[in-house]
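**Student:** Now for the letters of each chain:
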Amino acid sequence: MSERTLLGHPLYQLTKIRFLEFWREPEAVFWTLFFPILLAGGLGIAFRNRAPEVIKVAIVERGALSQIIAGAVASNPGVAAEVDDEAIAANALRAGKVALLVIPQSVDRVTYRFDNSNPDGRAARSLFDDSLQRAAGRRDTVNVTDQQVTEPGSRYIDFLLPGLLGMNLMGNGIWGICFPIIDTRRKKLLKRMVAAPMSRVQYLLSYLLSRLMFLVLDVVLLVGFGHFVFHVPVRGNFAALLLICFISALSFSSIGLLISARLRTNEAASGVANAVMLPMWVLSGVFFSARRFPDLIQPLIHALPLTATVDALRANMLAGAALSSVGGPLAILGAWLVVCFIAALRLFQWR
Amino acid sequence: MIAAASVPLALQLRQLRKVYGQLVAVDSIDLEVFTGECFGLLGPNGAGKTTTIEICEGLLEPDAGSVALLGRSWRTQATELRQLLGIQLQETTFSEKLTVAETVALFRSFYRRSLEVPAILHLVQLEEKRDARVGKLSGGQKQRLALACALVGEPEFLFLDEPTTGLDPQARRQLWDLINELKSSGRTILLTTHYMDEAEKLCDRVAIMDHGRVIALDTPRRLIASLGVEHLLEFATEGEALDLASLRSLQGVRDVSTVGNLTQLQVAELHRTLPALLEKLAERGAPLTELRTHSATLEDVFVSLTGRHLRDE
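The listed protein sequences derive, respectively, from chains C and B. What the first sequence shows, in this note's numbering, is residues 13 to 363, in sequence order. What the second sequence shows, in this note's numbering, is residues 3 to 315, in sequence order.
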């Protein structure tokens, strides 16, 4: 009779080999752990806080009149005006090189040409007009003080990082489960395992548990990177953040189990996994707010596991929300976890 | 068989049947395997051996018929049965990134009663490969690893599906020695093979299968003896084919047939038949282009039963 120590427990052994199989594949480790950091780094650089943008304006050549107008707005650092031949200027507007076309008519009359549906066009008109009117002698009657926001927590990178973390949890959960399972099935190892007295529940659980081990590394790396490089805040409780990630990772892993329940080739799995993930990449508010989509589909969007994850992560990291206030998203994730795990267990093809 | 009746049955198949679409893979088989014997299912590829063994292993559901294994049924006692069996499947690929010891430890964890990892590696002679990655093992070592995983739970009943297919002769012989050792420890073994020499070497009794049916069942020795011949003599000559009837009258010849361009004589006494044959050929002026002779084997039993060679398909 052999003793059943922890080390001899099948769940420990199954989880351990999952871990070893992954760890001994250097490429997988690289893409799983460092890809999100590369992505966050790249996007962080692309969307770093820059000096306020200078709006380009073209003034149509009308001799001295144009020069006077150009001189009048030269003192405004937000506007860069150049004087051009009418045809060239019109082309520049069409091509989007300038946001506003100014056509001088007489000393006290100009025409603005711009695209009213383009925020840049409207901003250019307002900025340029302001400068021109002030230079012509208009007086502002209200005293205004500007306060500019560049504080951590409200920049794009702050919005983006929890989204990337959620996307990473989804990708790793689904890919990290699908490929090993399909590989094991194709090698007939799965059949060999169930020929032994192995618990099928424990076998599937070992995949979820092994994901959790990497999760800690994953979260710490990505959140740590965001925090130290871009000063992305973690205002909520860190343990609560980890718990959100745990539940999210488990539910994506169980979606992965369900996807791979019957498939036999990696190609099929790639197709199905992409079909499952694509709507969430688009709808779940990773790169821009999910509220931009019509009200009609908002309930659907909020039922998606990635939306729930990203909402909960942002609430924790950016708003410092308590765990109790993200109960809704966590309940949605829990439901995905339970339903998919049970369905996977039912549908799973062991041969 | 009165003697056998006192030995308890380890496995009993009754009217076992499995159909895949149009193909009847297993066609109403009855089989009995006695406790402690090594029983072989011998037959060409596609004869239904693997389907039969996988039904016995509880991996496939039969369409009809029953399996009683160690006095238990798969329907009601599957969990209990799994603990008592050692199973080696045809073509399992273990995870290449794990070491030998890690793989065995994993399988060991599934059993309530088991051998320690070093003991099992000693048994299959893989001690030196303990920390080697599975991907680096030779074919024979991989088969021995598969055997280790089958044996780690100290099974009462061992299933081996084509244990030496694809191995070189030396690795095969090594595995045979190992299986012979296991036999002496009193385990019941059911193995499938399409190598007649393997069945002759290892099995106490053999069922010859073809097209899903058992076409002969006995000890290898008795199956061969049932041919009534001890040797087979095959030859080819230049010129016209010889008259088969005249060959049949040669001394010691039981039967004559042609297999391809060869004439085959089934011979009881080779030392009398061969000189007579040579004399006859000299008379006819038909010089030999080929001559060979071998002792009768299970292969010849298969040929005489089906008119085909085991490895034709």
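Warning: the hint list may mix true and false statements.
[Unchecked claim] Incomplete in silico selection of chain C near chain B, CB under 10 Å:
hint, residue
1, HIS21
2, LEU23
3, TYR24
4, LEU32
5, ARG106
6, ALA107
7, MET210
8, VAL213
9, PRO245
[Said to hold, decoys possible] One-sided excerpt, in silico: chain C residues whose CB lies under 8 Å from chain B:
hint, residue
10, ILE29
11, ARG36
12, GLU39
13, VAL41
14, LYS203
15, ARG204
If you are wondering where the hints come from, they were derived from the structure by calculation, not from laboratory data. Beta carbons are placed, not taken as given, at the ideal position from N, Cα and C, and that holds for glycine.
**Student:** Does ALA107 (chain C) pass the interface hint, meaning its C-beta sits closer than 10 Å to a C-beta of chain B?
**Tutor:** 56 Å, violated
**Student:** Let's test the interface hint: is any C-beta of chain B closer than 10 Å to that of VAL213 (chain C)?
**Tutor:** 13 Å, violated
**Student:** Let's test the interface hint: is any C-beta of chain B closer than 10 Å to that of LEU32 (chain C)?
**Tutor:** The hint holds - LEU32 (chain C) has a Cβ within 10 Å of chain B, the shortest such distance being about 6 Å.
**Student:** Please check whether LEU23 (chain C) passes as an interface residue: C-beta within 10 Å of a C-beta belonging to chain B.
**Tutor:** LEU23 (chain C) check passes; min Cβ-Cβ to chain B is 9 Å, inside 10 Å.
**Student:** Let me know if the C-beta of VAL41 (chain C) comes in closer than 8 Å to any C-beta of chain B, holds or violated.
**Tutor:** Interface hint status for VAL41 (chain C): violated (12 Å vs cutoff 8 Å).
**Student:** Holds or violated: the hint that PRO245 (chain C) contacts chain B, with Cβ atoms closer than 10 Å.
**Tutor:** Constraint on PRO245 (chain C) not satisfied, violated at 40 Å.
**Student:** Quick one, is the ARG106 (chain C) hint okay against chain B at 10 Å, beta carbons?
**Tutor:** It is violated, given that the least Cβ distance between ARG106 (chain C) and chain B is near 59 Å, above 10 Å.
**Student:** Hint check: is the beta carbon of HIS21 (chain C) less than 10 Å from a beta carbon of chain B?
**Tutor:** Holds. Min distance 6 Å.
**Student:** At a threshold of 8 Å, is the proposed contact between ARG204 (chain C) and chain B supported by beta-carbon distances?
**Tutor:** Given a least distance of 4 Å, the restraint on ARG204 (chain C) holds.
**Student:** Under 10 Å is the threshold here; is the Cβ of MET210 (chain C) close enough to any Cβ of chain B for the hint to stand?
**Tutor:** 5 Å, holds
**Student:** With 8 Å as the cut and Cβ atoms as the points, is GLU39 (chain C) at the interface with chain B?
**Tutor:** At 12 Å from the nearest chain B Cβ, GLU39 (chain C) fails the 8 Å test, so the hint is violated.
**Student:** May I ask you to test the interface hint for TYR24 (chain C) with respect to chain B, counting a Cβ-Cβ separation under 10 Å as satisfied?
**Tutor:** At about 8 Å, which falls below the 10 Å cut-off, the nearest Cβ of chain B leaves the hint on TYR24 (chain C) intact, so it holds.
Consistency note: the structure conflicts with the earlier hints numbered 5, 6, 8, 9, 12, 13.
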